[in-house]
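Colleague: Make a model of the complete structure from these sequences and hints.
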Amino acid sequence: MKKYAILFAMKDEAESLIKELSAKLIKDDYFEIYQKDNIYIAISKVGLINATSCFTYVNQKFAIDCFINAGLVGTFSSDLNLLEPVIIKQSYLGNADARGFGYQLGQIPGMKAYYLSDEKLLNSFKSFKQVDICSSDIFINSQEKVDQIITPISNSISVFDMECFGFYQAAYIFKKPIIALKVVSDHINNGSNEEQFNQILKQGSLKISELILEIIKK
Numbered sequence: 001m002k003k004y005a006i007l008f009a010m011k012d013e014a015e016s017l018i019k020e021l022s023a024k025l026i027k028d029d030y031f032e033i034y035q036k037d038n039i040y041i042a043i044s045k046v047g048l049i050n051a052t053s054c055f056t057y058v059n060q061k062f063a064i065d066c067f068i069n070a071g072l073v074g075t076f077s078s079d080l081n082l083l084e085p086v087i088i089k090q091s092y093l094g095n096a097d098a099r100g101f102g103y104q105l106g107q108i109p110g111m112k113a114y115y116l117s118d119e120k121l122l123n124s125f126k127s128f129k130q131v132d133i134c135s136s137d138i139f140i141n142s143q144e145k146v147d148q149i150i151t152p153i154s155n156s157i158s159v160f161d162m163e164c165f166g167f168y169q170a171a172y173i174f175k176k177p178i179i180a181l182k183v184v185s186d187h188i189n190n191g192s193n194e195e196q197f198n199q200i201l202k203q204g205s206l207k208i209s210e211l212i213l214e215i216i217k218k
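Taking UniProt numbering, the leading residue of the sequence shown gets 1, the next gets one more, and so forth.
Hint data in this document are derived by calculation from the structure and do not stem from the laboratory. Predicted, not measured: the structure shown is a model, and the values here were computed from it. Using N, Cα and C, we set each Cβ at its ideal position, and we do this for glycine too. Please note that the accuracy of each hint is not assured.
Claimed, not checked - Lysine-lysine pairs mimicking BS3-like chemistry, simulated, CA-CA at most 27 Å apart:
{"#": "1", "residue 1": "112", "residue 2": "126"}
{"#": "2", "residue 1": "2", "residue 2": "19"}
{"#": "3", "residue 1": "27", "residue 2": "45"}
Said to hold, decoys possible - What follows is a list of derived Cβ distance ranges for each label pair:
{"#": "4", "residue 1": "213", "residue 2": "79", "range": "20 to 30 Å"}
{"#": "5", "residue 1": "97", "residue 2": "36", "range": "40 to 50 Å"}
{"#": "6", "residue 1": "129", "residue 2": "152", "range": "22 to 32 Å"}
Modeller: Structure representation (structure tokens):
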């Protein structure tokens, strides 16, 4: 039976899925990991390094076949609505600059400029809107930060978070299929992003749980 790992940054985002599956806590040394049969739910904590470390740990410990990064994202796009689900197509990094050595903005030396979701997985979810994401260790909460951090990297980017790129780079290194399912939690033009995020967190968690359960059943 194929093993799935659902990767979240925060337990609050995963709470509904954990409850719905009646998943049991099996690890709690640094990363919280829950299990229900062939489904593993891992909480990486916030940030790129935590994301990469968590992916590496889960992959080596449980020999996962397929990874899904799930969680909430912010946006600055007028084409996206709050609580709208999206699938990530390309994942970019927002806090790297080695252009002096001939690399693209956001590209780590010796690595790719961006990472793609697994093509087979991507083709399985054509009903979802596909978007590009930028991840950084900076909480994006203003148009000024969008203009400084995201826009110079690629004009295709429409959502942002603090973990996705870390998961994707690890998946690339370990040659594992990955896709990201995100739900829009906050919009740059709707006031305080922090307040929006906190207000929508519970609804977002429920939405993510519904969508993940649909995916797993396919």
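Colleague: Does each hint hold? Answer for all of them.
Modeller: Each hint tested on the structure:
1. 112 to 126: Status holds; Cα separation ~25 Å.
2. 2 to 19: Cα-Cα ~22 Å, so holds.
3. 27 to 45: The given pair, whose Cα atoms are some 14 Å apart, holds under the 27 Å limit.
4. 213 to 79: 20 to 30 Å: holds, 27 Å
5. 97 to 36: 40 to 50 Å: Holds - the Cβ-Cβ distance for residue 97 and residue 36, about 42 Å, lies within 40 to 50 Å.
6. 129 to 152: 22 to 32 Å: 24 Å Cβ-Cβ, so the 22 to 32 Å window holds.
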